[in-house]
Amino acid sequence: MRARVFVTLKPSVFDPQGRTIAEALHSLGYAGVEDVRQGKYFELDLATTEEAQAKALASEVADKLLANPVIESYRIEVG
Amino acid sequence: MKFAVIVFPGSNCDHDAYHAATHVLGQSAELIWHKETDLKGADFVILPGGFAHGDYLRTGAMARFSPIMREVKVFAERGGPVLGICNGFQILLEAGLLPGAMLRNRGLKYRCEHVYVRVEQTDTPVTAGAHVGQVLRIPIGHGEGNYYAPPDVLDKLEANRQVVFRYTTADGRLDDEANPNGSVHAIAGICNQQRNVVGMMPHPERAAEPALGCVDGLVILESIVKAFATA
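Sequence lines, in order, name chains U and S.
Counting in numbering that gives the first Met the number 0, the first sequence runs from 0 upward without gaps.
Counting in numbering that gives the first Met the number 0, the second sequence runs from 0 upward without gaps.
The set of hints was computed from the structure by calculation and includes no laboratory data.
The model shown is predicted, which means the values in this text are computed figures rather than measured ones.
One or more of the hints may lead you astray.
Claimed, not checked - Beta-carbon label-pair distances, calculated as ranges: (1) U:Gly17 / S:Lys155: 22 to 32 angstroms; (2) S:Val214 / U:Gly31: 50 to 60 angstroms; (3) S:Asp37 / U:Thr48: 38 to 48 angstroms; (4) S:Glu176 / U:Glu33: 23 to 33 angstroms; (5) U:Gly38 / S:Ala210: 36 to 46 angstroms; (6) S:Lys155 / U:Thr48: 43 to 53 angstroms; (7) S:Leu211 / U:Thr19: 30 to 40 angstroms; (8) U:Arg3 / S:Val214: 46 to 56 angstroms; (9) S:Tyr55 / U:Asp62: 10 to 20 angstroms; (10) S:Glu157 / U:Glu33: 46 to 56 angstroms; (11) S:Pro66 / U:Asp34: 38 to 48 angstroms; (12) S:Val214 / U:Glu33: 44 to 54 angstroms; (13) S:Cys213 / U:Ala46: 49 to 59 angstroms.
As the list claims (entries may be wrong) - Which stretches of chain S does chain U cover? Using the computed rule of at least three CB atoms under 8 angstroms from a CB of chain U, they are: (14) 53-62; (15) 78-84; (16) 103-114.
Here a beta-carbon is modelled for each residue, glycine too, at the ideal position from N, C-alpha and C.
For reference, chain S alone in the conformation it holds in the complex (with noise of 0.2 angstroms):
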């Protein structure tokens, strides 16, 4: 299968998601300039970490203008599989793409540490080989990770089951502890209604390999292979 992977001005992880797509995964990949506006057949995209054209104004609020993100719109409207990691999150709140908003951490400090997610649903793209409250230690690094959604908004992702990962503590339990950052109900990631595109503020891409100490990303970066070959 084919990744691509999304280049924003200021992106600073879209080497790391593309060396896990080639070198981790074995998969072809391709970065892809925002101003352009072509997809190139990928069959996956990414919207890679980063701090989108300086993070002015707020986190993706210029990022979702960009050329490309009108491609990335259709391809995820004809169902296409699109993951947003961190900044890539980010950006799929201002664009529309997923509900709601990001804050400032409840904290105010920007937070680069290990947590816990616990996965919630595993009928999603990038969850396909998980199961059920597996809890897998994976790296954040945000300033600007505090999901926020209006009420009535946050009933109906529960009710569609779109929360896709919740902080937890390492054994699965939910703990105001164990929220790095305030995000209501725990949410660390969540889906479209489609379940096709997701954001996550964990980076799987960073604990892909022994070498980074830590291999709990490759869980999700192995479903988003088996999805494909499945769907």
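Okay, chain U solo, but in the shape it has when bound (with noise of 0.2 angstroms):
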């Protein structure tokens, strides 16, 4: 089973390159994009085919490895 983790850093904190990426986008004239924050994209092959063992597996690595919870938050798709 395959499961997505999405690492964003938090709403609070701010994400210079997010920044840079909407003000590159502004200067291109796309002024309909206000904001932009950039983030990490994990895809993880796991050997169990239980969702529930798939999700409780990617979130115990993404809190001890793949997300900083100081700093980013992370979600979680599996399937």
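Two chains, two separate frames, one set of hints: put the complex together.
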């Protein structure tokens, strides 16, 4: 089973890369893109076929390594 | 006294730190590979600068799981003095030995230049020979030195006098222009609550001999020996 983990900076944390990308888009004429937040995306191939197990394992590794809880939060999709 | 300089795959200031401890300070030192599990009787541990594990994922994120870090943690919990320089500071943050985290520099650029830092506290093993308000000219070299801590943690850091160094102007004034990376409260270095673990972004070992163009880093390095002698 595959788990997808999306890690992003918490809303309260300034994202200098996202800000720069947003400014680049504005300079390309995309005024409709109000803001950009850059994050990381992980695909985990898991041995389990149980959705609950997959979710639990993905959040365990996200807590332990993939995300730094001081500055980042994450979202998980499985299946 | 004996220094342990931890070597991670990707450390690149390990030999500079070793050189500073042995040739500049005249002490003994040993390079210790990150897979080892023994600090070999060291009195002081240095986590040097560099790009441990390629800085993949986040700076310091994987180095914190290196076997030697368990020993560093035990050593620190027993009150042993630890200094993390640059990448070493980032590792201490990821390992939870110091509070907060590093973000990409505010200007997105890798900054490699001399900066001024003001000594804020002198009751740490790396500032025992300095005086409060002393301004040191020391080089930095980093892309992720934008120190961040949530407001409640920041309040605690200030209340407990854990901010050891701040970026200032040459005459010791706080000025946003003098902050090279956007760190909150212009923080260049902090210590833990017990004050034996210190992390700093500037490189004192790169400013320890006249041949390097600046000797202000000696204030920090000599403090380590002084603090050990008086402990």
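So, going through the hints one by one against the coordinates:
Between glycine 17 of chain U and lysine 155 of chain S the CB atoms are about 28 angstroms apart, so this pair conforms to the stated range of 22 to 32 angstroms. Distance hint check for valine 214 of chain S and glycine 31 of chain U: the Cβ-Cβ separation is about 55 angstroms, which falls inside the suggested range of 50 to 60 angstroms. In this structure the hint that aspartate 37 of chain S and threonine 48 of chain U lie 38 to 48 angstroms apart at CB holds, the actual value being about 43 angstroms. Between glutamate 176 of chain S and glutamate 33 of chain U the C-beta distance comes to about 29 angstroms, which sits within the given range of 23 to 33 angstroms.
In this structure the hint that glycine 38 of chain U and alanine 210 of chain S lie 36 to 46 angstroms apart at CB holds, the actual value being about 45 angstroms. Against the hinted window of 43 to 53 angstroms, the Cβ-Cβ separation of lysine 155 of chain S and threonine 48 of chain U comes to about 45 angstroms, which satisfies the hint. For leucine 211 of chain S and threonine 19 of chain U, the Cβ-Cβ distance of about 34 angstroms falls inside the hinted range of 30 to 40 angstroms, so the restraint holds. Separation of arginine 3 of chain U from valine 214 of chain S is about 52 angstroms and conforms to the stated range, judged on CB atoms against 46 to 56 angstroms.
For the hinted restraint 10 to 20 angstroms between tyrosine 55 of chain S and aspartate 62 of chain U, the CB-CB distance of approximately 18 angstroms keeps it satisfied. Between glutamate 157 of chain S and glutamate 33 of chain U, the C-beta spacing of about 34 angstroms breaks the proposed range 46 to 56 angstroms. For the pair proline 66 of chain S and aspartate 34 of chain U, the supplied restraint of 38 to 48 angstroms holds, since their beta-carbon distance comes to about 42 angstroms. Restraint check, valine 214 of chain S to glutamate 33 of chain U: a C-beta distance of roughly 50 angstroms satisfies the suggested window 44 to 54 angstroms.
In this structure the hint that cysteine 213 of chain S and alanine 46 of chain U lie 49 to 59 angstroms apart at CB holds, the actual value being about 55 angstroms. Under a criterion of three residues with beta carbons nearer than 8 angstroms to beta carbons of chain U, the stated coverage of the region 53-62 of chain S is upheld, 4 such residues being counted. Using a Cβ-Cβ cut-off of 8 angstroms, 0 residues of the region 78-84 of chain S lie near chain U, which falls short of the minimum of three, so the contact claim is violated. Requiring three or more residues with a Cβ within less than 8 angstroms of a Cβ of chain U, the coverage given for the region 103-114 of chain S holds, as 5 such residues are present.
In terms of the numbered hints stated before, the structure departs from hints 10 and 15, listed from lowest to highest.
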